[in-house]
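> Okay, here's what each chain looks like letter by letter:
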Amino acid sequence: MVFIVTALMLEASPLIEYFSLKKDMKINNYQVYKNSDIALVISGVGKIKSAMAAIYLLSTFKSKKEDILINIGFCGTNSLKYALGELIAINKVKDMDTGKDYYPDVYFGKNIPKETLCCSSKPIFKEDYKEDKDMLFDMESVGIMEAGQKFLYTHNTVILKIISDFLTPKDLDKEMLKDYIKNNIPYIVEIIDELKNLNDSSKISFEEEERAVNLLCESLNFTEAMKKMLFKEVKKSKLKGLEPLNILNDFSCREVKIKKEGKRVFEQIIEKLK
Amino acid sequence: MNRLLKNSNKYFFHSIYIEEGALNYPITKNIIEKYCNSNLIIIKHYKDVFNRTNQNFSVQKQNQSLILAVKSKPFVYNGPDVCQNFGYSNFYYTSFLLNCIFDCEYCYLQGMYPSSNIVAFVNIEDFKSEIKYITSKESVFLAASYDTDLIAFHNIVPYLDYFYDFFKSLPNLLVEVRTKSANESFYKTHKAIDNLIVAFTLSPDEIIKKYERSTPSLDARIKAAKTAISMGFKVRICLDPIFVGPDVDSFYEPFYNYLFSQINPNDILDIGYGFFRMSKDFFKRIEKIRPNSLLFCDDYSLKDGVLSYPSNLQEKIMKKHYEILTKYINEDKIFSL
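In the order they appear, the protein sequences are chains A and B.
For the first sequence, our numbering gives the first residue as 2, with consecutive numbering after it.
For the second sequence, our numbering gives the first residue as 26, with consecutive numbering after it.
Don't read these hints as lab results, they were simulated from the structure.
These numbers come from a predicted model, not from an experiment.
Accuracy of the hints is not assured; some may be wrong.
[As the list claims (entries may be wrong)] Pairs of lysine to aspartate or glutamate residues, derived as EDC-like cross-links and limited to a Cα-Cα distance of at most 16 Å, are as follows:
#1 Lys237/A with Asp128/B
#2 Lys50/A with Asp102/A
#3 Lys24/A with Asp38/A
#4 Lys237/A with Asp324/B
#5 Lys313/B with Glu208/A
#6 Lys237/A with Glu312/B
#7 Lys275/A with Asp306/B
#8 Lys234/B with Asp272/B
#9 Lys233/A with Asp324/B
#10 Lys69/B with Asp38/A
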């Protein structure tokens with residue numbers, strides 16, 4: 002599953018339209034839009050709101066470590082090396098309030114620039130930032146990093162920022178901002194695909210086998226220890242290229258009334274799996 | 026090594042993280058110059074990146090980053106019980122690098138570290154001071170590459186160049202550098218020194234293909250070992266880890282015979298022999314991060330917190346192997362645990 006957090010509806014609407022996301026009417030606490038693969042939440046502005054919304058999303062949809070959390074939003078910069086509307090992948094987030102740094106792994110977007118981002122709890126104007134260094138500023142990334150690191154593999158928390166202004170974050174043209182998001186959708190789609198491939202490459206699923214073992218153990222009254230041993234043997238058998246599901250299936254109609262009989266059937270299954 | 030050669034240009038590492046405190050060291054400056062187009066990220070402390078929770082070891086291994094850091098004390102540790110001390114009671118080890126560019130399925134480092142990124146320590150003078158201090162008190166056997174492969178890393182940071190004169194100057198020190206690398210440049214550019222042993226870890230090619238991803242072939246390693254021997258280096262052969270099972274048992278006899286048809290047994294210092302073994306805690310962690318590994322699905326016997334093959338099976342296999350090995354080399358030159 003891909004979880005997207007945006008601070009504003011303005012940032013979300015081009016994504017909702019592109020991915021054909023539908024509002025989840027059962028959820029009242031947040032505005033959540035989803036399809037079978039993506040769930041998007043509009044968090045509101047600021048790192049606390051972004052953290053809360055991200056955790057709400059990850060918990061509500063029972064996230065797994067292989068799921069992906071992406072923060073898509075605008076950032077301001079004092080740097081003239083980037084144009085308005087340009088997409089940046091963030092490889093370091095600095096919390097301007099606490100001084101803490103976060104390091105998202107950026108294993109995607111070979112041709113997308115990578116930068117450090119400063120996360121502030123209030124909007125940064127030109128006159129607020131006196132340092133000579135080129136920098137990007139946002140208000141949500143820290144919350145996303147805090148939430149992501151609790152639930153997901155480090156490489157699955159992603160911060161994508163689009164330059165909205167040169168530290169003049171007032172009275173920006175809303176239609177132009179929407180266009181910035183729209184223009185970057187092909188890159189965002191590519192990034193999502195790259196992340197999915199990365200997660201798929203490291204995964205071998207035993208979900209089906211686990212389900213079958215659970216069912217069989219329940220019907221044959223096997224103990225938890227027997228279940229653990231059985232699952233291990235099933236896993237081994239699958240890795241050897243055998244078909245343990247067929248073997249489990251052969252025993253699915255067996256009935257066990259006494260403990261001794263259960264033990265005997267258990268040994269038979271293990272023998273067959275080897 | 027294949028991966029290293031293929032990627033020996035500026036993009037070898039996915040990213041390079043540099044501790045603020047490491048910026049002014051010569052190793053850092055060389056790396057920045059060499060990989061100037063890489064993604065450089067300044068960090069406060071290497072553990073902020075290396076010790077993050079929920080890192081995925083295998084995904085990271087495919088996208089390995091380098092972290093340049095300043096090591097704090099201690100610089101030298103007591104040798105662990107699961108490693109051979111080759112008869113030396115004052116047995117220590119040190120780590121200039123954490124993690125390895127190779128990707129061996131059985132490697133204990135996967136269970137030891139939360140990350141597969143490589144940490145390279147840049148404050149080599151501090152290592153030298155502590156090594157000098159311990160050797161001033163006693164004769165020392167120092168394993169310098171247990172948690173990495175210094176020779177394989179030589180083209181990136183040539184630690185052995187930096188330590189060569191230093192090792193040479195300490196008669197009380199005997200250093201072992203263990204490697205699977207086919208990189209011969211160190212042996213070709215340096216004269217052999219008495220107190221440096223190069224230990225080549227060799228396995229049957231079938232085992233290399235099965236478990237030692239992205240490492241050089243047996244022939245490439247033998248070639249490097251022969252070069253080291255021809256240049257006068259003391260060479261140790263490490264037959265470690267040995268695997269046991271109906272699918273692998275038959276590989277060893279032809280392997281030993283082939284090995285000694287290529288390398289004159291009189292030219293090697295000795296042999297280190299050891300079965301696959303691992304601390305229970307590391308094993309459990311690896312079991313989780315390598316769910317598709319048959320090696321970590323197998324049952325092993327537990328003794329003193331270490332998982333390995335049952336002792337009677339080890340004895341049986343070792344006896345068989347020794348019968349072949351002792352045709353080539355005296356038993357007193359074979360060290361096992």
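> Determine for every hint whether it applies to the structure shown.
Each hint tested on the structure:
Among the hinted pairs, Lys237/A with Asp128/B is inconsistent with the structure: their alpha-carbon atoms are about 22 Å apart, more than 16 Å. For a cut-off of 16 Å, the pair hint linking Lys50/A to Asp102/A is broken: about 19 Å separates their Cα positions. A hinted pair counts as satisfied when its Cα atoms are at most 16 Å apart, and Lys24/A with Asp38/A qualifies at roughly 14 Å. Between Lys237/A and Asp324/B the alpha-carbon distance is near 11 Å, which keeps this suggested pair within the 16 Å criterion.
The straight-line distance between the Cα atoms of Lys313/B and Glu208/A is roughly 15 Å, inside the 16 Å bound, and the hint therefore holds. Between Lys237/A and Glu312/B, the direct Cα distance comes to roughly 12 Å. Compliance with the 16 Å bound is thereby established for this hinted pair. For the proposed pair Lys275/A and Asp306/B, the alpha carbon gap of about 26 Å is over 16 Å, so the pair is violated. Taking the CA atoms of Lys234/B and Asp272/B, the gap is near 13 Å; set against the 16 Å cutoff, the hint holds.
Of the pairs offered as hints, the one joining Lys233/A and Asp324/B holds, with about 10 Å between alpha carbons and a cut-off of 16 Å not exceeded. Distance restraint check for Lys69/B and Asp38/A: the Cα-Cα separation of roughly 37 Å exceeds the 16 Å cut-off, and the hinted pair is therefore not satisfied.
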